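J.: Spelled out from the first residue to the last, the chains are:
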Amino acid sequence: MNPETGPQAIAPLGPDAPVILEMSHISKGFGAVTALVDVSIKLRQGEVLALVGDNGAGKSTLIKILSGFHQPDTGTITSKGKEVSFASPRDARSHGIETVYQDLALVGDLSVFHNMFLGREYKKRVLGLNLLDNQKMRELSRQYLDNLGISIPSVNSTVDLLSGGQRQCVAVARSIYASPSILILDEPLAALGVRESAHVLGLIQKLRRERNVSVILIVHNYNQIFEVCDRINFLHAGEIVFDASTSETSEEELIRIVKSGLGRKAIAAAAAEAGPLPA
Amino acid sequence: MVPINDSGGAKARKVGVKVPDTILERALVLLSRYREVSIAVVAVVLVIYFQFGSDGGFLTAQFQSIVLRDTGRLGLIAVAEVLLMITGEIDLSLSGTFSLAPYIMVLLSITWGVPLAVGAVISVAVGVLVGAINGLITVRFRVPSLITTVGTLFFLQGIVVSIYNSQPIIAPVEEPFNAIFGENLSDPAGSVFSLLGITAFTPFLWTLLVVGAIALVLNRTSFGLHTIATGSNIVGAREIGIRTDRIKVYNFMIAGGCAAFAGIINTAQFASADPQGGSPFLTLQAIAAAVIGGTSLLGGSGTPIGALIGAFVVASLNNGLVMVGAQATVSDVYLGAAIVAAMILNVQVDRLRTRRRV
Numbered sequence: 003m004n005p006e007t008g009p010q011a012i013a014p015l016g017p018d019a020p021v022i023l024e025m026s027h028i029s030k031g032f033g034a035v036t037a038l039v040d041v042s043i044k045l046r047q048g049e050v051l052a053l054v055g056d057n058g059a060g061k062s063t064l065i066k067i068l069s070g071f072h073q074p075d076t077g078t079i080t081s082k083g084k085e086v087s088f089a090s091p092r093d094a095r096s097h098g099i100e101t102v103y104q105d106l107a108l109v110g111d112l113s114v115f116h117n118m119f120l121g122r123e124y125k126k127r128v129l130g131l132n133l134l135d136n137q138k139m140r141e142l143s144r145q146y147l148d149n150l151g152i153s154i155p156s157v158n159s160t161v162d163l164l165s166g167g168q169r170q171c172v173a174v175a176r177s178i179y180a181s182p183s184i185l186i187l188d189e190p191l192a193a194l195g196v197r198e199s200a201h202v203l204g205l206i207q208k209l210r211r212e213r214n215v216s217v218i219l220i221v222h223n224y225n226q227i228f229e230v231c232d233r234i235n236f237l238h239a240g241e242i243v244f245d246a247s248t249s250e251t252s253e254e255e256l257i258r259i260v261k262s263g264l265g266r267k268a269i270a271a272a273a274a275e276a277g278p279l280p281a
Numbered sequence: 002m003v004p005i006n007d008s009g010g011a012k013a014r015k016v017g018v019k020v021p022d023t024i025l026e027r028a029l030v031l032l033s034r035y036r037e038v039s040i041a042v043v044a045v046v047l048v049i050y051f052q053f054g055s056d057g058g059f060l061t062a063q064f065q066s067i068v069l070r071d072t073g074r075l076g077l078i079a080v081a082e083v084l085l086m087i088t089g090e091i092d093l094s095l096s097g098t099f100s101l102a103p104y105i106m107v108l109l110s111i112t113w114g115v116p117l118a119v120g121a122v123i124s125v126a127v128g129v130l131v132g133a134i135n136g137l138i139t140v141r142f143r144v145p146s147l148i149t150t151v152g153t154l155f156f157l158q159g160i161v162v163s164i165y166n167s168q169p170i171i172a173p174v175e176e177p178f179n180a181i182f183g184e185n186l187s188d189p190a191g192s193v194f195s196l197l198g199i200t201a202f203t204p205f206l207w208t209l210l211v212v213g214a215i216a217l218v219l220n221r222t223s224f225g226l227h228t229i230a231t232g233s234n235i236v237g238a239r240e241i242g243i244r245t246d247r248i249k250v251y252n253f254m255i256a257g258g259c260a261a262f263a264g265i266i267n268t269a270q271f272a273s274a275d276p277q278g279g280s281p282f283l284t285l286q287a288i289a290a291a292v293i294g295g296t297s298l299l300g301g302s303g304t305p306i307g308a309l310i311g312a313f314v315v316a317s318l319n320n321g322l323v324m325v326g327a328q329a330t331v332s333d334v335y336l337g338a339a340i341v342a343a344m345i346l347n348v349q350v351d352r353l354r355t356r357r358r359v
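Here the protein sequences come in this chain order: A and B. Start counting at 1 in the first sequence, then tack on 2, and there's your number in this note's numbering. Start counting at 1 in the second sequence, then tack on 1, and there's your number in this note's numbering.
Bear in mind the hints are in silico, worked out from the structure with no lab data behind them. These figures come from a predicted structure and were not determined experimentally. In this text, a Cβ means the ideal position worked out from N, Cα and C, and glycines have one as well. Keep in mind that a hint or two might mislead.
[What the hints assert, rightly or not] Not the full set, but computed from the structure, chain A residues with beta-carbon under 10 Å of chain B:
{"no.": "1", "residue": "G70"}
{"no.": "2", "residue": "Y103"}
{"no.": "3", "residue": "A107"}
{"no.": "4", "residue": "R176"}
{"no.": "5", "residue": "R266"}
[Unchecked claim] Okay, the calculated bits of chain B under chain A, using three or more residues with CB under 8 Å as the criterion:
{"no.": "6", "region": "215-224"}
{"no.": "7", "region": "231-241"}
[Unchecked claim] Non-contacting residues of chain A with respect to chain B, defined by C-beta distances greater than 10 Å in every case (computed):
{"no.": "8", "residue": "P20"}
{"no.": "9", "residue": "M25"}
{"no.": "10", "residue": "S26"}
{"no.": "11", "residue": "G31"}
{"no.": "12", "residue": "T80"}
{"no.": "13", "residue": "G83"}
{"no.": "14", "residue": "T101"}
{"no.": "15", "residue": "E123"}
{"no.": "16", "residue": "L133"}
{"no.": "17", "residue": "T248"}
{"no.": "18", "residue": "E250"}
{"no.": "19", "residue": "K261"}
Starting from the given sequences, assemble the full structure and let the hints guide the process.
T.: Listed below in structure tokens is the structure:
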């Protein structure tokens, strides 16, 4: 990106950007299955961090710990310098952490605007009763989705009538609407076409640029990683084996690392032992 | 994103927007948005049929006081089941609470002289407590509510019949308690529009009040929204921070309270607490009323108003068929067919709608 192009350009992330979130020595098991072993992650303010890993590597478990859905067996989470523990997704949300889950967490039987405000509904007092302010939520949803350029049939239609891409857009919009300080996106592009993907990636960049939001992104397309992310963490079999900024690595190296499941040092050691790799 | 409007006022067609155009699609939208519609049509047809079949005997104050009394009793339990079915649960023990609650109220009155009104409050509290127990067993121990409540059904039924050697107890007459909660003071020949005439309908009026309140809670409060979310997508609801276990327990508690209230009204109506008053059949009829009223057994959607109309249809079938000269037992044949038909309609409307995206 060219810094001369004005507000469109992404300011390079300074090395002195403060660490906004730190997960230290997180382990988590489910009965006989160990999902995470001693995982540590650092997220700096305004940073877009890609979390890469095979299916079952523990990515979703890790972010579900961060979003308060799971509680870690051991390890600590530090947010803005203070140790925190999230007993529920509500706790995490109140700390400014918003998550778009892989399953999107949308309620099919409810309208788009009810989904947009689920868990933090607007209310008004009518005859002493605390009732939902549907009109306000409907209006705000419509404006907000229009502003983001997300087109859906109507904010009144139930979510189960939307296409996969539309649902994903609604889920992303809902999380952004809360103006989080940390946004977690678990495969936000899975059901999106090329144009919609570009749109969501654009939104992420805009958030970073305008509000200095930190983002953790789980995504499988390496092009997209290098397009929007500052740093990559590769999670393999419940451990972080590779942590590098995107400017220090390349797509080729990432593919090599993901294929082997080994970090840089291990690959170098293996290469030294086996001689030069075939091209 | 690419501007949607780039041809000077001409509205570009948005992808994915489908306006219902055929008659079938319009009907589908209508049926799924207002699930009460189909049962309301059935109710009207049924009333017309019975009215003509009985030479005008169906729509009389005297006969309607019976039909609406049954509608009221059934409706209260049906609306309780609606709440639970929306969260994806069910309560088969409500008939047990229906029997137990008035028993407690009357026993408190005849042994310690507790006023019926106070006893009624205590009884409703007991109903709520039974609901809480059902709910906690279901969510904490992860026992399906179908099983939990079969257990509590036998338990409650056992308590009721053993308290008083399975004898009905005569309820003490206490005014204005009896008049307020449904003792029929009307003179069959008198006008419906007198104060005494209204008492013929009080059980129904109470039910109307409760159904209205529950419909309001369901459609216009956060609690209602979270109840629907819990039944529609429980994992998603948890991920967004809804305490789904709590929501379920609260709904069990409301259901228990409704059943206890229905039992109290029933006792006021008949001036006695009968251990046979709430047979499990009552719960099944209430579930039938909820289902034919448009509530899905699959969770996530349901309508209290539909359940009330459903209760009216069941009560009309039970009472009306005799009037038009059918065997009393034949009403169950119609009821059985109606439940299956309603369930097919519910599921198919959703399926067709989702497929056509209207």
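J.: Could you check that no beta carbon of chain B comes within 10 Å of the beta carbon of P20 (chain A)?
T.: Consistent with the label, P20 (chain A) stays out of reach of chain B, its closest Cβ about 27 Å off (over 10 Å).
J.: Per the stated criterion, does the least C-beta distance between T248 (chain A) and chain B lie above 10 Å, as a non-interface residue requires?
T.: holds, 25 Å
J.: Say whether it holds or is violated: E123 (chain A) keeps its Cβ farther than 10 Å from all Cβ of chain B.
T.: Violated: least Cβ distance 5 Å, not greater than 10 Å.
J.: At a threshold of 10 Å, is the proposed contact between A107 (chain A) and chain B supported by beta-carbon distances?
T.: Constraint on A107 (chain A) satisfied, holds at 4 Å.
J.: Against chain B, is Y103 (chain A) within 10 Å by beta-carbon distance?
T.: holds, 5 Å
J.: With a cut-off of 8 Å between beta carbons, are at least three residues of the region 215-224 of chain B near chain A?
T.: holds (count 4)
J.: Verify that the Cβ of M25 (chain A) lies farther than 10 Å from every Cβ atom of chain B, and report whether the claim holds or is violated.
T.: The claim holds: M25 (chain A) sits with its nearest Cβ about 19 Å from chain B, beyond 10 Å.
J.: Does E250 (chain A) sit more than 10 Å from chain B, CB to CB?
T.: E250 (chain A) clear of chain B: closest Cβ-Cβ about 33 Å, beyond 10 Å.
J.: Using the nearest Cβ pair, does R266 (chain A) come within less than 10 Å of chain B?
T.: R266 (chain A) check fails; min Cβ-Cβ to chain B is 35 Å, beyond 10 Å.
J.: Run the C-beta distances from T101 (chain A) to all of chain B and say if the shortest one exceeds 10 Å.
T.: Check fails; 7 Å does not lie beyond 10 Å.
J.: Over 10 Å to the closest beta carbon of chain B is the bar; see if G31 (chain A) clears it.
T.: holds, 20 Å
J.: Beyond 10 Å from chain B, beta-carbon-wise, is S26 (chain A)?
T.: holds, 24 Å
Against the hints set out earlier in the document, violations occur for numbers 5, 14, 15, 16.
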